[in-house]
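Chains as they are written, first to last, in the numbering used here: chain A, 1 to 296; chain B, 1 to 657; chain U, 1 to 332; chain F, 1 to 141.
Among the hints, a few may not be true.
What the hints assert, rightly or not - Below, computed lysine-lysine pairings styled on DSSO-like, alpha-carbon distance capped at 30 angstroms:
#1 135/F x 221/U
#2 60/B x 174/B
#3 92/A x 344/B
#4 92/A x 146/A
#5 135/F x 79/U
#6 344/B x 218/A
#7 614/B x 214/U
#8 79/U x 614/B
#9 172/A x 311/B
#10 218/A x 398/B
#11 92/A x 133/A
#12 296/U x 92/A
#13 177/U x 270/U
#14 90/F x 147/U
#15 270/U x 94/F
#16 218/U x 91/F
#17 90/F x 114/U
#18 79/U x 176/U
#19 88/A x 398/B
#20 245/B x 233/B
#21 214/U x 139/B
#22 255/B x 306/B
#23 135/F x 92/A
#24 117/F x 296/U
Claimed, not checked - Far from chain A by the CB rule (all over 10 angstroms, computed), these chain B residues:
#25 56
#26 144
#27 307
#28 344
#29 347
#30 459
#31 473
#32 526
#33 566
Just so you know, the hints here were simulated from the structure itself, not pulled from any lab data. Since the model is a prediction, treat every value here as computed from it, not as a measurement. For glycine and all other residues, C-beta sits at the position ideal for the given N, C-alpha and C.
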Amino acid sequence: MSKFLLFLGCTIPTKQYAYEISVRSVLPRLGVELVEFPEAGCCGFPLKGLNKKAWIYMSARILSIASKKGLPILALCNGCDTSLRKIKDLLKHDEILREEIAKLLEDEGVKLNLNAGVYHTLEVLHDFIGVEKIKSQVRRPLNGIKIASYPGCHMLRPSDIPRPEDPVEPRKFDSVLRALGAEVGYYPDKGGCCGATILPYSAKHALLIVAAKLKTIKDYGFDGISTSCPYCMEMIDAKQDAARSEVGDESISIPAFYLTQLVGLAMGLSPKELGLNLNVSPIESILEKLGVSLYE
Amino acid sequence: MSEVRIGVYVCHCGKNIGGVINPAKVAEYASTLPNVVVARDYVYMCSSPGQSLIEEDIRKYNLNRVIVAACSPRMHEPTFQGVLKRAGLNPWLLQMVNIREHDTWVHEDTPDKAEEKAKELVAAAVARAAHLYEITTEKFPVIKSAVVIGGGIAGIRASLDLANAGIKVYLIEKKQSIGGKMAQLDKTFPTLDCSQCILTPLMVDVSRHPNIDIYAYSEVVDVSGSAGNFKVKVKLKPTYVDWSKCTGCGTCVEKCPGRAPREFDEGLGVRKAIYFEFAQAVPRRPVIDPKHCLWFTKGICRVCEKVCPVKAIDYGQEERYVELNVGAIIVAIGYELYDLSRLKEYGYGRFKNVISGLQLERLSSADGPTRGKIVRPSDGREPKTVGIVLCAGSRDEKHVRYCCRFGCAAAIKHIYYIKHAIPDAKVLVFYTDVRAFGKGYEEFYQKYRSEDNVFFIRGRPAEIFEDKDGSLIFDVYDSNTGQLINVKADLVVLEGAVVPPKDWEALRRVLKVSCDPGGFALELHPKLRPFETTSDGVFLAGAIQGPKDIPDTVAHAAAAAAAAIGFLAKGYVESVPYLAVVNDEVCSGCGLCVSVCPYDAITIEEREGRRVAKVNSIRCKGCGACAATCPSGAMQQNYFTDTQIISEVVSLAGGAK
Amino acid sequence: MSKKVKVALYWCASCGGCEEAIVDLAEELLRLSEVIDIVFWPVATDFKKSDVEAMPDGSIDISIINGGIRLTEHEEMVKLLRRKSKLVVAFGSCSHLGGVPGLANLFSTDEVLKYVYFESPTVVNSEGVIPREEVVVDDGRKLELPKLLRYVRSLDQVVDVDYYIPGCAPTPDVIKKSLETLLSGVLPPKGSVLGASSRSLCDECELNKTKPEKILLKDIKRVHQVRLDLSKCYLSQGVICLGPVTRGGCGTLCIKGGMPCTGCFGPLDKVVDYGARALSYIASIVDYDDEAQAEKFVEEYIVDPVGWFYRYSLPRSLVRGRYEGLRGGAHG
Amino acid sequence: MGDQFEPRIVVFACNWCSYAGIDLAGTSRIRYPHNVRIVKVMCSGRVHPEMVLKALREGADGVLITGCHPGDCHYISGNYKTMRRYLLLKKLLKELGLSDRVWLEWVSASEGDRWAKIASAFVEHIRKLGPLRLKEVMEGE
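Using the sequences plus the hints, can you model the full thing?
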């Protein structure tokens with residue numbers, strides 16, 4: 001049974017609770033032990049552009065503490081996952097920087113150590129648990145439901161550090177969905193941006209981006225969309241209405257789920273256990289198909 | 001040898017050396033060194049006045065050692081050895097000093113250090129030269145026959161030239177028919193004459209030529225021996241058809257129920273499980289593909305066996321080996337297309353309508369899968385908008401850095417194919433540069449770029465996406481206009497990069513041929529000896545030396561053949577000068593040299609009651625491994641004796657005194 | 001009868017085996033005593049340094065010196081003998097090549113003393129006595145001991161040497177031959193190694209002809225680990241035999257005694273560095289082309305290359321001992 | 001003394017791969033430190049450890065042996081012998097307090113740039129180690 005430190009990051013505990021809820025109910029049932037990780041703070045990624053050193057320091061800190069515990073990190077957020085792996089790589093190759101950061105950490109009695117492995121939810125599902133195991137746990141197959149997988153940009157980029165998915169031909173996400181009985185398919189610009197990163201600077205453009213994306217997905221005849229990044233979810237789920245009104249296209253309306261929510265549904269868990277009541281997008285249509293009601 | 005009399009000659013090589021250091025100073029310094037009788041500098045030592053200068057000095061000062069400080073010995077050692085010969089000196093009394101490649105060309109920015117280095121190198125040479133001695137080589141006869149590896153246009157041309165010169169040729173082709181890539185082309189640029197029409201007659205000539213034996217569906221697996229007397233081991237892969245009985249009537253192919261994608265059509269067409277590679281195949285003999293044959297896969301059928309009028313089918317056939325004994329080897333295995341699916345952003349292999357240039361050739365060929373109709377593989381529709389991407393993988397750090405040298409011209413030809421078949425089609429060519437360098441290429445380019453609805457856009461597509469209807473959408477930044485263009489194309493053609501064939505790596509190792517950064521065969525000299533290799537008797541023809549279009553390939557092949565003919569016509573090869581030599585007085589016959597010799601060239605023999613090592617001068621290739629192993633110093637290597645090397649090392653380590 | 005040849009014998013850093021070897025000449029000694037006159041031989045006869053000093057320069061015909069140069073005393077004595085002698089002959093491996101004591105060149109003098117006087121398992125030294133160059137004894141007199149030099153040197157690294165007699169120790173046969181040459185009056189070129197062969201040991205080894213065509217080693221065995229077939233070349237049985245790189249002339253005594261050659265007769269004339277030669281041929285016949293495997297082989301089987309390849313010749317090698325950098329190394 | 005220490009470095013290069021590669025660096029005008037002095041041999045398998053020690057003794061601060069990449073030897077297996085001799089020599093040198101003064105590197109005929117990198121790296125490395133002056137140190141009693 002594999003053990004991971006559950007690293008939530010900042011978005012999930014502040015506005016994307018459903019992700020955490022679904023992860024906590026799904027992964028243990030699939031034989032993954034989640035160990036609390038209270039010492040971990042923010043990964044620093046948002047600071048990247050403002051204060052590089054602060055960013056590096058914060059990620060290095062998390063890695064060091066985890067290494068001391070001798071457990072791999074499960075990063076739910078694409079951003080956290082990228083940040084931690086980037087720093088691992090950065091410090092491995094930059095001796096001077098490494099020493100500098102080590103000194104900073106010493107001040108709070110932390111010894112720099114980059115050994116801890118970093119894994120994203122998708123990897124835990126696909127690489128550790130494996131589609132076969134997932135298949136075996138399916139009680140309520142998503143037959144006849146066509147789901148657009150949307151890994152999110154940082155699941156694929158930057159390619160100079162190990163990423164969970166292939167940047168041009170992401171496959172793992174779809175193979176997990178297939179294991180749940182869902183239909184999957186190709187649509188253009190799957191690897192494209194969701195807009196979240198520019199939301200604070202230009203909400204308009206952010207909404208245009210997500211609107212276009214949701215439109216294509218609908219055009220390609222998908223019944224729903226799924227991601228495993230809290231930022232993407234924010235855009236494709238919570239911002240659907242805004243996107244709709246921004247481009248004035250009523251057709252933009254599609255159920256959005258976290259991958260773990262869909263896995264949970266297929267495993268027969270109740271909507272509550274998966275925090276589905278927190279999804280903003282119109283997910284009822286799909287729940288109906290599965291004969292599940294949000295409020296039983 | 002009696003008193004050592006050394007002449008030192010420092011070359012300016014124009015400004016190459018003279019522009020950085022002062023050769024006169026180096027010569028002046030040299031004149032102060034022991035045993036140096038005369039030291040001079042001259043602007044071009046390799047020039048005829050330069051050479052005669054040395055020649056005269058040798059006579060005038062009766063020199064018995066000559067040191068030339070100039071370019072790399074790999075460049076001009078033979079030249080100056082010639083000078084010594086003409087002056088009646090043994091060529092191995094020459095010592096070259098490399099003050100160009102190893103000095104002035106790399107230390108230009110520290111000229112004083114470069115000059116100091118030149119002096120030290122000369123000093124070391126003087127120290128070494130004192131220990132040089134005369135070396136005589138033996139001659140061995142060559143076998144007047146050749147193996148040509150690869151039956152493409154290069155191999156065909158080389159084979160014919162050799163055969164016409166009366167040399168027995170064994171042509172080895174790994175496919176079941178010769179013809180190579182050229183056979184797959186519809187037309188050739190810039191003349192647009194039909195590729196098959198000019199190739200197939202040559203193929204027939206080859207098959208009919210009394211001096212040429214074709215070994216089709218065969219591969220070279222090992223090469224032993226050496227220049228003039230190679231033993232080439234050839235593997236004949238099982239065809240499951242007895243070609244000696246087969247008449248090539250084709251009944252078996254007609255009746256065969258098995259189906260598979262046709263390699264010759266780059267996977268676009270379909271062939272049978274027993275098949276000819278293509279209609280005009282030479283030799284016209286079929287092969288069973290066990291992966292798709294019902295008998296091999298399911299144990300049923302055997303139709304071909306039943307219908308064969310001459311009972312040539314032989315399911316039990318196994319691979320066979322033959323050993324060919326030849327004097328020379330010509331490598332003409334050509335090139336291979338880069339795996340375009342590795343350019344993931346272009347979706348080749350994922351999107352049906354993204355095809356390679358070679359696939360377009362097949363679509364456009366009269367004997368192709370569509371009988372010459374250009375259509376979209378996804379739905380057979382006629383493409384109205386076609387994008388052609390140049391340098392797909394070429395000149396790209398992520399893929400291959402070099403230029404494919406025919407993509408541009410091919411693309412222009414492809415414009416012609418499309419506009420000729422679909423006059424109202426729109427063709428967008430995405431290029432980095434258009435390199436129309438060959439004879440008639442520029443005119444060819446000008447003609448077709450000015451056709452209606454042909455647009456040359458300077459930029460590479462970003463990620464290509466597939467639309468619902470199978471057409472392709474992508475953005476291109478046009479660096480000429482500074483515009484970002486959104487394109488929707490029905491068909492995208494990638495003019496892909498070229499790489500050496502997969503099996504080259506293994507082959508080059510048995511041939512002992514090194515490779516360039518791109519992996520292609522390394523020629524002996526990029527300008528002066530582009531079709532010879534560092535392995536004597538092994539020659540290069542065509543694209544294996546580097547990407548080439550057909551005209552260049554043919555020229556290169558003919559040149560290689562000429563070089564091989566010259567080599568064989570000479571009639572003999574000489575033993576290497578760098579032979580291992582034993583000092584019988586010191587040798588105790590411990591036999592360790594025998595243990596390390598890679599050529600089994602050393603034996604221990606009894607001589608007046610003692611055991612002593614003996615070197616076989618035909619087998620010895622002069623690597624010196626034995627000399628570096630000999631515990632007593634009895635084994636030495638000509639021109640690289642312990643004393644010679646150590647005196648050089650000591651001088652260099654100590655610096656100029 | 002013509003006057004006898006004046007001979008001096010002296011020992012420096014040696015085990016005494018060389019002196020033994022001379023005594024081993026047995027009756028030969030008597031015959032010798034008719035032609036030679038021993039003027040100085042601390043081991044056997046009571047002469048003092050002062051006696052030698054008293055002799056006129058060049059009055060000794062031959063000084064035969066064994067042992068390496070380890071102490072200032074050795075330096076002083078051999079310089080003295082050189083001055084007094086027409087010929088100086090280095091006798092035995094230690095004086096010829098530095099010898100086994102030369103392996104101490106891998107350690108500083110302090111390390112050596114520390115080991116010898118404290119750490120060596122057989123040493124009991126409760127008072128912690130350690131030799132000092134100067135001691136003041138009870139009656140206030142100052143006693144001096146010679147200084148221990150940082151590096152052991154071969155004789156010819158200190159004084160000019162005319163001839164060498166190899167071996168640890170030289171065999172009676174070699175000694176006899178050498179003395180005959182020296183006394184014959186017709187002298188070989190200066191610097192020659194006397195009484196031995198000009199070829200390596202394999203030349204006179206009966207087992208040489210039993211060598212397989214190629215010898216390739218997958219592992220190395222120590223003599224105590226194998227039952228050696230005494231009728232087959234030891235090297236071919238995976239035991240390191242330095243016969244191929246060692247001057248012959250000993251009559252393969254060790255090999256006949258079931259032990260491989262360890263190289264006491266030293267290198268042949270053409271060889272610059274004995275150890276490098278030995279190392280090279282061993283490495284060359286290791287049967288691994290894979291770097292990792294080759295590394296493992298070296299790791300596992302050749303634990304102490306210096307001890308193995310320079311057992312008798314470290315001081316006479318190109319490097320001479322452990323290099324300790326510009327500081328520390330430069331002074332004794 | 002203000003000016004930096006300029007190491008003397010002796011390089012053994014095999015004719016077919018490394019010497020050609022070093023020539024290529026020349027023809028491509030790739031700069032590298034002037035300290036290296038190249039000695040040509042037909043095959044790295046000719047380089048005798050004796051020559052390496054001799055170079056160090058006679059004043060070289062470092063020795064660089066170069067040859068064809070494994071599997072590429074023009075003489076089939078010369079570079080494997082070199083590799084084995086080097087491994088053993090390295091261990092010997094370590095015992096003699098001369099660690100890291102000798103390197104073995106593979107340079108093919110096409111690796112002019114690689115050669116330049118190696119040459120620079122080795123020169124820098126030896127510069128860090130400082131002068132050797134083996135003879136002087138070992139003979140200065």
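Legend entry - Given hint residue 221/U paired with residue 135/F - CA-CA distance at most 30 angstroms: violated (36 angstroms)
Legend entry - Agreement of residue 177/U and residue 270/U with the hint, judged by alpha carbon distance not exceeding 30 angstroms: holds (22 angstroms)
Legend entry - Hint consistency between residue 92/A and residue 344/B [alpha-carbon to alpha-carbon, up to 30 angstroms]: holds (29 angstroms)
Legend entry - Satisfaction of hint between residue 91/F and residue 218/U, Cα-Cα up to 30 angstroms: With Cα atoms ~19 angstroms apart, residue 218/U and residue 91/F stay inside 30 angstroms; holds.
Legend entry - residue 566/B non-interfacial with respect to chain A [C-beta, more than 10 angstroms]: holds (52 angstroms)
Legend entry - residue 135/F paired with residue 92/A [C-alpha distance capped at 30 angstroms]: Cα-Cα ~41 angstroms, so violated.
Legend entry - Restraint check for residue 218/A with residue 398/B, where alpha carbons must lie at most 30 angstroms apart: violated (35 angstroms)
Legend entry - Pairwise hint evaluation, residue 133/A against residue 92/A, where the allowed Cα distance is 30 angstroms at most: violated (35 angstroms)
Inset, instruction - Compare the distance between the alpha carbons of residue 296/U and residue 92/A with 30 angstroms, and conclude whether the hinted pair is satisfied. - result: Roughly 29 angstroms between the alpha carbons, so the hint for residue 296/U and residue 92/A holds.
Inset, instruction - Below or equal to 30 angstroms on CA atoms is what counts here, so check residue 88/A against residue 398/B. - result: holds (24 angstroms)
Legend entry - Distance restraint between residue 92/A and residue 146/A, which requires alpha-carbon spacing of 30 angstroms or less: The hint is violated at about 42 angstroms.
Legend entry - Hinted pair residue 90/F and residue 147/U, Cα distance within 30 angstroms: violated (33 angstroms)
Comparing the model with each earlier hint shows violations of hints 1, 2, 4, 8, 9, 10, 11, 14, 23, 28, 29 and 31; every other hint is respected.
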